[in-house]
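So the protein lines, in turn, are chains A and B.
Position 442 of the first sequence, counted from 1, bears residue number 442 in my numbering, the numbering being contiguous throughout.
Position 44 of the second sequence, counted from 1, bears residue number 44 in my numbering, the numbering being contiguous throughout.
Hints in this document: simulated from the structure, not taken from any laboratory.
All C-beta atoms, glycine included, are put in the ideal place defined by N, C-alpha and C.
One or more hints might be untrue.
As the list claims (entries may be wrong) - Below, computed lysine to any residue pairings styled on SDA-like, alpha-carbon distance capped at 25 Å:
{"hint": "1", "chain 1": "A", "residue 1": "549", "chain 2": "B", "residue 2": "265"}
{"hint": "2", "chain 1": "A", "residue 1": "554", "chain 2": "B", "residue 2": "265"}
{"hint": "3", "chain 1": "A", "residue 1": "565", "chain 2": "B", "residue 2": "265"}
{"hint": "4", "chain 1": "A", "residue 1": "569", "chain 2": "A", "residue 2": "357"}
{"hint": "5", "chain 1": "A", "residue 1": "563", "chain 2": "B", "residue 2": "358"}
{"hint": "6", "chain 1": "A", "residue 1": "575", "chain 2": "B", "residue 2": "296"}
{"hint": "7", "chain 1": "A", "residue 1": "571", "chain 2": "B", "residue 2": "265"}
{"hint": "8", "chain 1": "A", "residue 1": "545", "chain 2": "A", "residue 2": "561"}
{"hint": "9", "chain 1": "A", "residue 1": "554", "chain 2": "B", "residue 2": "296"}
{"hint": "10", "chain 1": "A", "residue 1": "575", "chain 2": "B", "residue 2": "352"}
{"hint": "11", "chain 1": "A", "residue 1": "319", "chain 2": "A", "residue 2": "58"}
{"hint": "12", "chain 1": "B", "residue 1": "222", "chain 2": "A", "residue 2": "556"}
Unchecked claim - Here are a few chain B residues that sit away from chain A, every Cβ distance over 12 Å (derived from the structure):
{"hint": "13", "residue": "146"}
{"hint": "14", "residue": "148"}
{"hint": "15", "residue": "175"}
{"hint": "16", "residue": "209"}
{"hint": "17", "residue": "228"}
{"hint": "18", "residue": "293"}
{"hint": "19", "residue": "315"}
Single-letter residue listing:
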Amino acid sequence: MDQSHIRNFCIIAHIDHGKSTLADRLIEKCGAVRGSAQAQMLDTMDIERERGITIKMTAVRLNYKAKDGETYELNLIDTPGHVDFTYEVSRSLAACEGALLVVDASQGVEAQTIANASMAMNQNLEIIPVINKIDLPHADIARAKEEIEQAVAIDASDAIPCSAKNGIGIEDILEAVVHRIPAPAGNPNGPLRALIFDSHFDTYQGAVAYVRVKDGSVKPGDKIMMMSTKSKFDVDQVGVFRPQLEVGNMICTGSTGFLTAAMKTIGDAGVGDTVTLADNPAVDPLPGYRAAKPMVFCGLFPSDGEQYEDLRDAIERLKLNDGALSFEPETSAALGFGFRCGFLGLLHMDIARERLEREFGLDLILTAPSVDYIVHRTNGPIEHISNPAEFPNPHEVDLIEEPTVYSTIIVPNEFIGTVMNLCHERRGVYIRTEHPTPQRAILFYKLPLGEILLDFFDRLKSGTRGYASFDYELSDPMASDLVKVDILLNGDPVDALSFIVHRSFAYNRGRAMVEQLKKVVPRQQYEVRVQAAIGAKVIAADSIKPYRKNVIAKCYGGDITRKRKLLEKQKEGKKRMKQIGSVELPQEAFLSVLKVAE
Amino acid sequence: MIAAPVPEWAASKSLSDGIAIYVHIPFCPSKCGYCDFNSYGVSKDGSPGLEENLVARTVQATVADLEQSPFAGVPAKTIFFGGGTPTSLEVDDLTKILETLLKVHPPIEGAEITSEANPGTADASKFSAMRKAGFNRISLGAQSFSSTDLVRLGRIHGADQISAAVECARKAGFDNLNLDLMFGLPHQNLQGWKENLEQALALKPEHLSLYCLTIEPRTAFKRLYDSGKLHLPSDGVQVQMYDAAREFAEQNGYKQYEISNYAKSGYECKHNLEYWMANPYAGYGPGAVGCLPTTAGPCRTTRLLHPRRYCEAIESGGNPCAELEFLTDETVFMERIMLGLRLNQGISMQLLPPSQSVRNGVDRLLERGWATLQNNQLSLTRLGQDFCSEATLLLV
């Protein structure tokens, strides 16, 4: 296909505004039926597996015969849908020339609409606004257009009304893709430059890289080089999804597809990296590459200390197909040997924990998530510290900087006060308010990332009856008066329970932490004193009264199975308990700090 | 329908010595608020949800259940009629089931044959007929001598009916009698409990079962408890009540032999000891549980719980079992420990595998003062009894 007939585009939308339904309709309209195609794909999965490729529908190639009689190659590129993966989204956008901005006709513009649209504008993409769900009774096309113009600042006069569900407006969208989105530029004769915009790991083939070829072309047998790491590989296979997998001869200039090259880990195909040819390398890589940067950190410890080696193996294997995960050994006085792991965000952390437990059969203790602080010590050195346990004593600290985010919150006017209160409670710095329509406001705040980890999103949703939408991007660190709060059980500090907090919140959150521990730590055979302290100064204290007896029910022939099952359940529960000195702590105890901001 | 496991009793020597036989009578004059047993209220003014002839059908079905038993011929070491309220049946029905049972499972010499009875459901003539039919032990569900307690518990009898029932049983010739009492009742205090014990003693039972009230799932008490409307004594007070019970029993010639059971010498409940020693037992009647050896290992069976379903299965010649549970070595071991530690004699150290974790567990028990080790028997101390679940978990 010659370059002038190629279009690379993606669909961006707030969650539930109909992105996947629209994708399905576009695929159908171009003759590939996704529904049955998926069934077919499932049929061919086993074969593909034997051959060593698992399917991830991250980019689909469609052939569209336009009204002008010409056939165009349309590459529809998928974008991840969560703020944790913002960088991955930006790379997917960088692989495109245009984007369909889908807005729900009854909901209007939401936070992710704005965040995604502004990212697309930063990539200089041609943005085609699409007003979806026009069939709904509350659809208000005019208002949606007005919001797009006000909030996203693009011309929405030729926005395309559609109903993906009912197949209305699909052809108009395809025509707009052909005629409004520019054909890819790029030099077919130049040295290869291909952007890796996504990747996944396949047990047999190694890393599978999804690439957008900007200059030159790539084919099986080529010796390629990753420009950031200089590592070299031989290309095994190239191909596309239609949506069925189709192995091809080459990916030419302006087009997208996947390639495999016996890359042993997902890190070999880093998202954002530029692929070039080893013996005819490009001079400059494509712009925008950065190594995955973890933002949220927590300790991962095996409940059973003997599983430490198993945990190491599991994390190493997980790392093979999760390039954004970082880890290093950590030793806790309370929890023994484990790992300090870094994640893109809370969702990413949850996914990783679940995979470690489910796929590798481990029982894990997670410590509360923390962020990466920049600590300026009084005697000079500047360190990055993400583990509260490693925080220096107050008198050794000159200045602490904490990461912040630039956040966008959209709410109906009636909730502006609620949201502002919440943001101020979380030490937010107000930036400005915009009104895309008279009924709704966009609030811009700079917020400490650490405060967002403490159920900010839940509070925001509940405080606005679910109406608020929220998005953020990383901003510059700011200096803050932060202190470490230690938690002592029966007088002994438990390092894994320490947390970092702004000094003005220390008393309240110390108190809340003690309360929360009282709630989640089961009564023990002895009284447990729980204290929160800054340095040597105790700021909150309480105690957990001991229990005096087990439940001793009668036990005859008909009770034995049930009694035994109760014991088995308790035994299972005990496995998840961690013995700290004489005190047994459940997993929830280590996440108590997440509840202290209520 | 679940296929019945093939019995292996012929090959098993233990069965030829006899087994414990349990018969479940799932009917009560009314359902008590704390009770989670398989029982259905059948009052004289009609029975909500139950058809009129269901009791008679259930008696028939239980007789048929016994007659078609794959374990027929295995001697009965002990027999226990429980419920529900066995004495809520007409006496002819009750004795008919016993007669059948004695044919199917010939009792060994001196077999203990118990029926539970509720004060208020048995009179002199019923006790007398039961004694003649072969019952030789009565377990009376007294629960409390305080009328306010009895009302709160939902019992149908008054305090004065307890002594009347005991008197009738004695007159009928029962010289082996148990009283069930509960402590830790709503609003009960230590003094109230001690008064109960005094009143029980005055009736001179051979055996006392003294239980702490437990709040079981799916009971009226559980719903009250969850909504904060059930005011139970604190666990500290419950421990004092337990101490008082033990002290009282010992002072008056009853010896504790199980965590909740006390007896005059020689009057320990032989039937329940079979359970606690993890010996095999058979169960007949709706919801009855048995645990017997099969070619596939020990199998615990539960009969269909609802009398109607049970009757339908038996009448259609089908299998009355709702559930089979084949016990693995691991579960057998866990149950032996769990049950054995309830007994004052404890468990033989030979029962425990020589693993490091078990040895650590024993050490912890001894360190904490929860158990003692004498003549190779590991048994719980008074303190250990309060923590018998924890203690079990240290060993399994």
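Hint by hint, here is what the structure shows:
no., hint, result
1, 549/A x 265/B, "violated, 28 Å"
2, 554/A x 265/B, "holds, 21 Å"
3, 565/A x 265/B, "violated, 34 Å"
4, 569/A x 357/A, "holds, 18 Å"
5, 563/A x 358/B, "holds, 21 Å"
6, 575/A x 296/B, "violated, 31 Å"
7, 571/A x 265/B, "violated, 37 Å"
8, 545/A x 561/A, "violated, 31 Å"
9, 554/A x 296/B, "violated, 29 Å"
10, 575/A x 352/B, "holds, 21 Å"
11, 319/A x 58/A, "holds, 20 Å"
12, 222/B x 556/A, "holds, 21 Å"
13, 146, "holds, 21 Å"
14, 148, "holds, 23 Å"
15, 175, "holds, 23 Å"
16, 209, "violated, 8 Å"
17, 228, "holds, 17 Å"
18, 293, "holds, 15 Å"
19, 315, "holds, 24 Å"
The structure does not agree with the numbered hints 1, 3, 6, 7, 8, 9, 16 stated previously, though it agrees with the rest.
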